[in-house]
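*Asks:* Hints in hand, dock the two standalone chains.
The listed protein sequences derive, respectively, from chains A and B. When we follow my numbering, the leftmost residue of the first sequence carries the number 997, and every step to the right adds one. When we follow my numbering, the leftmost residue of the second sequence carries the number 677, and every step to the right adds one.
Since the hints were made in silico from the structure, they are not lab data. Glycine is no exception: its CB is placed at the ideal position from the N, C-alpha and C atoms. Don't take every hint at face value.
Some chain B residues close to chain A (C-beta under 7 Å, calculated; not the full set) [to be verified]:
#: 1; residue: 748
#: 2; residue: 769
#: 3; residue: 773
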Amino acid sequence: MQDFGQAFALALQLIVSADPALSEIIFLSLSVSLSAVAIASVIGLGIGATVGIVRFPGRGALIVFLNALMGLPPVVVGLLVYMALSHAGPLGWLHLLYTPTAMIIAQTVLVTPIIASLSRQVIEDFHSEYREQFVSLGVPLKTAVAALVWDARYSLLTVALAGLGRAVAEVGAVIIVGGNIKHVTRVMTTAIALETSKGDLALALALGLILILIALSVNATVSLLRLSASSRAYV
Amino acid sequence: MSNAGATLQRERVATSAVQSLFPLKVRRLVYSVGKQRLIDGIDLTIEQDRRTIIMGPNGAGKSLLLRLLHGLLTPTAGEVCWGETPRIDQARQRQALVFQRPVLLRRSVRANLRFALKLRQYTRAEREERLRHILELASLSSLADRPARVLSQGEQQRVALARALVLEPEVLLLDEPTVSLDPVSVAAIEDLLLAAHRRGTKIILVTHDMGQARRLGDEVVLLERGRVVEHSPALQFFQQSNDPAAGSLCKGRKFVC
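Chain B with its partners taken away, still in its complex shape (with noise of 0.2 Å):
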């Protein structure tokens, strides 16, 4: 095991020891705007081995419910609770979320992973062996000291995921990160994501792709005008499922509503 590794695997026992952010527990869940509810009375538990995929039409509020999930927006009503973890902004702290768009600093690439990886209490030798890991899973070694605004968009998608891996989050929340992406880049992200699971983290991913639902995910979470409307384990939800919605939504149709 790396040094980054064997200090991740220390930090997670500390953490553990502590509080746990699982199961996640979401209240009766609401974000309005105006009048309009986005998120329309959501209640979900969410346990931390399995890979969750939260799948449904344009306008459904999947970025939103990832976005009231990791705290960037206060709920209207109801409540998130990470396990044991008293206040959002703590929890937080142990997750990471990479947005569909990358937004990266209009710096290099090392720059970008040294700016998040010094939010941290790292020593500078932890810090620099930590980079040098994290751009070799990415391959991203030969990219380094590019700008990483002149990368493709595959490219900077991964280093937006290198940058929430480097700080060897707890949870990683993904909102469609492979959106428009090629199919080599596809890859190198989901390798990146079972990678990271099988360290530990947990996944929680929106996408549209069903192809990447099947391949990634453990069971899916399928909303629908703010609502959920299915929450199952993948293979149910994929070969069995009853809900109308998601039977439209496998067989490539337009939902029913």
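Looking at chain A on its own, in the form it has when it is part of the complex (with noise of 0.2 Å):
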């Protein structure tokens, strides 16, 4: 019990001081995880947008295949993409893996899913509201859509911020094709993976710290966010 004090007392000292080891881990984290959810959403929104409002043959089907992949597996998918960008792959030309950029890559293929589900499914109840005024007004499809997207905006930043809650947390398809290397792809949890393992339970512990911040502030945020958007009945 007294070496878990210590490491919480030597975890709080590292966050309080913003040790640089520390900093440098968080900020790679941060600028993997929103570039990925970045990209997620821009495909993700695209998918639901269009499923939620388009009729076409096997969009039921699609529809589950969409909330199947909600649930993908981490592991499985940082093994296809470290398959896809490895050198006999077919994008190893690219010469990503290892990198951040493989990271981002691994991270929008899980998050992707999540956005384009939970978005196709603000997008449609939106857009069962408004498809007869819409159908009356003559309303073009591209006007509908912006129209939809931007009066489910508190909605959609809600999904946003659901899929930057998966990203930086995940630990399976990151450490795969990051490999976790020390100044160059070790993130939050593939470093407090490699720092419990050797026994550093500070730093891990900070950084779990820092996780759970992380977690609670996006909570609180997208609280926040649909508080005021409810006061003001945008939503």
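*Replies:* So, in structure tokens, the structure goes:
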């Protein structure tokens, strides 16, 4: 117990003193996850809006498929991205393996189905409310999509933040494609795994605390956004 | 006449030279869900100049008929012909429908009206002129920058009506727009409808409110179980109708089947 107490005190010291090694890991983690969520939002929102609004054969099956992809195991995604980026793989010529870009790709693959599936549900709900009015007004499809996305912006932001939560806390995929290389691809989750296995609980605990803080901040932001939106009757 | 009014007159002249929406002819119209015929072979001819009231008990098919007339639903059989206009979607572009529960965007009143205006080929100056004009007409100027969804139900319905009117439709279809509104809100809505009618807009209104039907109606179409049981001038309908269903409706009793 005493060791844990010491580790916790040391962890707090690392955070308060803005330890350079700790800061580097946090910065890389956030930049990888935010980049992945930004890319996944563009792709996922496009898929979500299309599937949410347009009716086509096989749409029901596609929705089931998208929902199933939300539960993609990170290690499987890591493995697939690894195979694609390895020298023998189809994208080997890009030499991206063990780089932050590879980690961004892996997290994008993980997060895109989540954003696509949740945004499809959001957009579909809004569309079922607006559909008859839009048809009556003669709203073109492009304008309708833009209006739906704009009006659903608070809900869609919540979707993106859910994606961020998934990305920043993920370890399986990034450790396979990133390799957990110090100063290059070491992010919070991979560092926690490594430091714990080495017995350096202080750094692991400090990173864990930061991760929990990020998770709490994301949730608090979501709650505040929804509160602010509902107080202005925009939800 | 305001600039918006002058533009409207020019548009009307131009449009009427192309294709008239009247008479509206409904022929053997059927709308079924499964084996149930919710609209059961309606034949109807509606002229332009009269304010038409559609009445009937719950489940008679009033709202369905309105949606079929506006082309929001495809008939199972029969046809809806708006004058010489060959396609119903072309006719719909010259109409507006106000729903029982207003569907407003999650934006300000002004943004809701501007959204509708941007769907037409108006210049920015024309848009702003029409916007200012309709806000005044619907007494919404003081509410223009408030989120539309925080307004009272009566105010929201006024916004929905203003959004319909700002496009200067030739036909205004209304599905019980004043249901559950207080008398002041009802009066405000009715004033807007009468003003629109004076400017030449055809009014087709679904209502349960006998008083409203008497105040606004020139003719009444009475539906029951998806069929037209009476179509007559309002005066005749309220005073001399021989149809038992119409008589029961006027006396506030349950329909005779």
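*Asks:* All the hints need checking, so say for each whether the structure fits it.
*Replies:* Tested hints:
1. 748: holds (6 Å)
2. 769: holds (5 Å)
3. 773: holds (5 Å)
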